[in-house]
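Now for the letters of each chain:
There are 10 protein chains.
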Amino acid sequence: MLFQAKITVRVPPGTDMEKIKALSAEEIELAKGLQRTGKWLHIWRIAGKWANISVFDVDSVDELHNILTSLPLYPYMEVEVTALCRHPASIEGETAAL
Amino acid sequence: MLFQAKITVRVPPGTDMEKIKALSAEEIELAKGLQRTGKWLHIWRIAGKWANISVFDVDSVDELHNILTSLPLYPYMEVEVTALCRHPASIEGETAAL
Amino acid sequence: MLFQAKITVRVPPGTDMEKIKALSAEEIELAKGLQRTGKWLHIWRIAGKWANISVFDVDSVDELHNILTSLPLYPYMEVEVTALCRHPASIEGETAAL
Amino acid sequence: MLFQAKITVRVPPGTDMEKIKALSAEEIELAKGLQRTGKWLHIWRIAGKWANISVFDVDSVDELHNILTSLPLYPYMEVEVTALCRHPASIEGETAAL
Amino acid sequence: MLFQAKITVRVPPGTDMEKIKALSAEEIELAKGLQRTGKWLHIWRIAGKWANISVFDVDSVDELHNILTSLPLYPYMEVEVTALCRHPASIEGETAAL
Amino acid sequence: MLFQAKITVRVPPGTDMEKIKALSAEEIELAKGLQRTGKWLHIWRIAGKWANISVFDVDSVDELHNILTSLPLYPYMEVEVTALCRHPASIEGETAAL
Amino acid sequence: MLFQAKITVRVPPGTDMEKIKALSAEEIELAKGLQRTGKWLHIWRIAGKWANISVFDVDSVDELHNILTSLPLYPYMEVEVTALCRHPASIEGETAAL
Amino acid sequence: MLFQAKITVRVPPGTDMEKIKALSAEEIELAKGLQRTGKWLHIWRIAGKWANISVFDVDSVDELHNILTSLPLYPYMEVEVTALCRHPASIEGETAAL
Amino acid sequence: MLFQAKITVRVPPGTDMEKIKALSAEEIELAKGLQRTGKWLHIWRIAGKWANISVFDVDSVDELHNILTSLPLYPYMEVEVTALCRHPASIEGETAAL
Amino acid sequence: MLFQAKITVRVPPGTDMEKIKALSAEEIELAKGLQRTGKWLHIWRIAGKWANISVFDVDSVDELHNILTSLPLYPYMEVEVTALCRHPASIEGETAAL
Numbered sequence: 001m002l003f004q005a006k007i008t009v010r011v012p013p014g015t016d017m018e019k020i021k022a023l024s025a026e027e028i029e030l031a032k033g034l035q036r037t038g039k040w041l042h043i044w045r046i047a048g049k050w051a052n053i054s055v056f057d058v059d060s061v062d063e064l065h066n067i068l069t070s071l072p073l074y075p076y077m078e079v080e081v082t083a084l085c086r087h088p089a090s091i092e093g094e095t096a097a098l
Numbered sequence: 001m002l003f004q005a006k007i008t009v010r011v012p013p014g015t016d017m018e019k020i021k022a023l024s025a026e027e028i029e030l031a032k033g034l035q036r037t038g039k040w041l042h043i044w045r046i047a048g049k050w051a052n053i054s055v056f057d058v059d060s061v062d063e064l065h066n067i068l069t070s071l072p073l074y075p076y077m078e079v080e081v082t083a084l085c086r087h088p089a090s091i092e093g094e095t096a097a098l
Numbered sequence: 001m002l003f004q005a006k007i008t009v010r011v012p013p014g015t016d017m018e019k020i021k022a023l024s025a026e027e028i029e030l031a032k033g034l035q036r037t038g039k040w041l042h043i044w045r046i047a048g049k050w051a052n053i054s055v056f057d058v059d060s061v062d063e064l065h066n067i068l069t070s071l072p073l074y075p076y077m078e079v080e081v082t083a084l085c086r087h088p089a090s091i092e093g094e095t096a097a098l
Numbered sequence: 001m002l003f004q005a006k007i008t009v010r011v012p013p014g015t016d017m018e019k020i021k022a023l024s025a026e027e028i029e030l031a032k033g034l035q036r037t038g039k040w041l042h043i044w045r046i047a048g049k050w051a052n053i054s055v056f057d058v059d060s061v062d063e064l065h066n067i068l069t070s071l072p073l074y075p076y077m078e079v080e081v082t083a084l085c086r087h088p089a090s091i092e093g094e095t096a097a098l
Numbered sequence: 001m002l003f004q005a006k007i008t009v010r011v012p013p014g015t016d017m018e019k020i021k022a023l024s025a026e027e028i029e030l031a032k033g034l035q036r037t038g039k040w041l042h043i044w045r046i047a048g049k050w051a052n053i054s055v056f057d058v059d060s061v062d063e064l065h066n067i068l069t070s071l072p073l074y075p076y077m078e079v080e081v082t083a084l085c086r087h088p089a090s091i092e093g094e095t096a097a098l
Numbered sequence: 001m002l003f004q005a006k007i008t009v010r011v012p013p014g015t016d017m018e019k020i021k022a023l024s025a026e027e028i029e030l031a032k033g034l035q036r037t038g039k040w041l042h043i044w045r046i047a048g049k050w051a052n053i054s055v056f057d058v059d060s061v062d063e064l065h066n067i068l069t070s071l072p073l074y075p076y077m078e079v080e081v082t083a084l085c086r087h088p089a090s091i092e093g094e095t096a097a098l
Numbered sequence: 001m002l003f004q005a006k007i008t009v010r011v012p013p014g015t016d017m018e019k020i021k022a023l024s025a026e027e028i029e030l031a032k033g034l035q036r037t038g039k040w041l042h043i044w045r046i047a048g049k050w051a052n053i054s055v056f057d058v059d060s061v062d063e064l065h066n067i068l069t070s071l072p073l074y075p076y077m078e079v080e081v082t083a084l085c086r087h088p089a090s091i092e093g094e095t096a097a098l
Numbered sequence: 001m002l003f004q005a006k007i008t009v010r011v012p013p014g015t016d017m018e019k020i021k022a023l024s025a026e027e028i029e030l031a032k033g034l035q036r037t038g039k040w041l042h043i044w045r046i047a048g049k050w051a052n053i054s055v056f057d058v059d060s061v062d063e064l065h066n067i068l069t070s071l072p073l074y075p076y077m078e079v080e081v082t083a084l085c086r087h088p089a090s091i092e093g094e095t096a097a098l
Numbered sequence: 001m002l003f004q005a006k007i008t009v010r011v012p013p014g015t016d017m018e019k020i021k022a023l024s025a026e027e028i029e030l031a032k033g034l035q036r037t038g039k040w041l042h043i044w045r046i047a048g049k050w051a052n053i054s055v056f057d058v059d060s061v062d063e064l065h066n067i068l069t070s071l072p073l074y075p076y077m078e079v080e081v082t083a084l085c086r087h088p089a090s091i092e093g094e095t096a097a098l
Numbered sequence: 001m002l003f004q005a006k007i008t009v010r011v012p013p014g015t016d017m018e019k020i021k022a023l024s025a026e027e028i029e030l031a032k033g034l035q036r037t038g039k040w041l042h043i044w045r046i047a048g049k050w051a052n053i054s055v056f057d058v059d060s061v062d063e064l065h066n067i068l069t070s071l072p073l074y075p076y077m078e079v080e081v082t083a084l085c086r087h088p089a090s091i092e093g094e095t096a097a098l
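Protein chains in written order, with the UniProt record's numbering: chain A, 1 to 98; chain B, 1 to 98; chain C, 1 to 98; chain D, 1 to 98; chain E, 1 to 98; chain F, 1 to 98; chain G, 1 to 98; chain H, 1 to 98; chain I, 1 to 98; chain J, 1 to 98.
Here chain A stands alone, though its shape is the one from the complex (with noise of 0.2 Å):
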């Protein structure tokens, strides 16, 4: 099942941002693993922000919000969750069964 996330991080001045740095570094390593096991689908930058567009495929919606409190960063982040379905313009599993 499908659902993209909409993650903005929000560091607020003051911040020890070595510590957030690490963070970065461990959330990164964290979604390259997800992606690896397919429940990560894909995640692109939205230019100019430190936000990111996710596209989740899970069991459920409650993996997805463990994977997402589960990530590092998640203190810091505003999350937008969208219901996504397939549509009938699209060819993805048609591709995949190939």
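Do not rely on the hints blindly, as some may be mistaken.
Pairs of lysine to aspartate or glutamate, EDC-like flavour, derived with a Cα cap of 16 Å [claimed, not checked]:
1. K49(B) to E80(C)
2. K49(I) to E92(B)
3. K49(D) to E63(A)
4. K32(D) to E92(C)
5. K49(C) to E80(E)
6. K32(H) to E80(G)
7. K6(F) to E92(F)
8. K39(E) to E27(E)
9. K49(E) to E80(G)
10. K39(A) to E92(B)
11. K6(F) to E80(E)
12. K6(G) to E80(H)
13. K6(H) to E80(G)
14. K49(F) to E63(D)
15. K49(J) to E78(H)
16. K32(F) to E80(E)
17. K39(J) to E63(J)
18. K49(C) to D62(E)
19. K49(H) to E78(F)
20. K39(A) to D57(A)
21. K49(F) to E78(D)
22. K6(I) to E63(J)
23. K6(E) to E78(E)
24. K39(B) to E92(A)
To be clear about the criterion: a stretch of chain D counts as covered by chain F if any three or more of its residues have a C-beta under 8 Å from a C-beta of chain F, and this derived list gives those stretches [unchecked claim]:
25. 58-67
26. 71-84
Covered by chain G, per the in silico footprint, the following chain F stretches (three or more residues, Cβ under 8 Å) [said to hold, decoys possible]:
27. 1-13
28. 55-64
29. 83-91
Because the hints were derived from the structure by calculation, they are not lab data. In this text, all values refer to a predicted model and were calculated from it rather than measured experimentally. Every residue gets a Cβ at the ideal spot worked out from N, C-alpha and C, and that includes glycine.
Mind docking chains B, C, D, E, F, G, H, I and J on chain A? Use the hints.
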């Protein structure tokens, strides 16, 4: 170059729905063709709405604009474009390189 | 899997209200049937508005989308979907397990 | 009488998180107790957020306000209340009457 | 129980204004009657707008909804309901008790 | 002359709450006094919020501004003023004349 | 007593523009008359819009409402009223007193 | 050339209020001086807020920007500029010509 | 003097599109002429929308308003004007001086 | 390829302004350099604000993102990117071709 387009279709009451259905069928074919050329990477339906989230891979902003405005339902669409770039956590390039 | 849908009905002036009433009656029957199957868990009227807050328990986002778009008044609806998950403070699972 | 409360928790950076965890644990117990008395009908987590959608069944608006402001995390909450009423399509009364 | 309703009337251009005037006259009588019964406590015009701020004292949310939807101009109204409760600084109870 | 003021109190985390409580107690006394003089007609708590809806009957906008800015919690308030006038459906004048 | 009114005119497509022009000419005469009486202090066009920012000096909110609703184009207007008062930095009173 | 500036002052809690008062006193003198030169035409307090609506008559946008950014409280201000032009209903030019 | 205008064209369904095309062709010629005189500095299409971002160099706000309202599609436009001034980082003056 | 970036700088109270001034001076040099290379086409100050409207001509969205995030004041910026394309009414290409 990647762009997300959030496309919402608004058909005012009183519109000839047979015409809209015909335009919609035409659009689905056009969208499938653009997906096969690799210009239209993804299209997902937003649950509960006549709206989709699409990702395009185009050579220029002009190409994106031309694709969007050539869609049969364009006169009924509200389109929000977001410029995307590679995210440091993304493995999409790596996968494609295999 | 649980989703909240906030559903607002907007009937433009000049619409044939007899037709709307007939669609509305049809919708009430359909909603009652879906409640009996356990797909449509709750429906509450928002005070002062032609709008409701509903909670659905569906197997997939696609199922949710199909239910919503099959509603007789769907062409007059604005729908906002929110993905829900179990709250650690909820006792609903416990109660059901008794 | 039914009210929906959309409750968002915002803990500013720099807050003592041990204190927040303690308040949160206390709140979960309080919420479970209010569910058992039938005052707090439902509580669902909103995916990706420290927020919930709750439905209360109270005797008066004052009772609702007292419950909300007595929550241990109330000083960190933003609450939006929506007054609900019975929907003609609802079968909840019927079911309960069986 | 007290509720504020902010009521805005929007009559689309081209509407038969004689009909609107008749509905409006009917509504004024109905509103005066409800004020005399103590259900409709206050009604004030918002300067510069076809809109009012009203306060209702009702036994339930359902009663409020029934009053609002029975207003002759209801099909042209946008209504925002706010649930109110006693303020610790209010002396209204005290005055009434004298 | 009547004005509605929607008053929201925002106390930033870390504020000395004993000081806030003292200001709040002072404000309640001041508000009661102004109600007795007939300047502050109504004050209602908005359910779930540290906010109120008040109605003032003042001789001028300057008098209203002076009252609002003299409130002990004014530095923590966000105030939205709405100018009100007599509604043709109101019977308040009539009642008072009896 | 001073009030700012931000007045936006929205004429829906298909309206008889000869009628609008006639109402507009009538309104200009009425506005000039009210400026000469000192009730309508200022009127400025907002660049790029069919909208103006006006300042009125009236005896009461009711007088303001009556002026605004008597404007020939009022049925096409959206009006936002802001209550103004004397600013401590203003020299307008001083100048007038010379 | 005329511009409206809506100026809102936001002083974060914890600011040295003696310093703010000193800046404010300085600003009032500066504003009075600019009114006497005819650059700052009007300044009105918005009721209930630390905010004003001002009208400036300047030779260029750069002059306007320089005036605004030279205000002692500028670091605490949020400024919204609206470009104004002569309204066909205005008699201000006529009056001045007498 | 520089102003940005964000211009959005909204043509309601049912409009005679031949007429719109003729107005649009006329507007393009007018825009080109104004660019050649140096009044209309830039015009860029916003991707995915019938909208543009334009920059004007005019002698006064009145001149800007006259240009905008004389555009053939003005009745279908929503225009947002932003007053611009020289940025300390800009080299545009320097380049022109070479 | 053209992009507009609306850049707003927000420096929280309590920030070391000497540091901000140094970053700002550095940024002006960097911006001038990028203008000379033709990457940063325009930069205009928005009147009354610490904000600018810039137009960039870059080879890719990634290049745009890299430029923006390398700005010394980037941690204090809020950036809104708009993808632009050639407008049929523009003569900019023609002029350049002369």
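List of violated hint numbers, smallest to largest: Of the numbered hints, 2, 6, 7, 16 and 22 do not hold.
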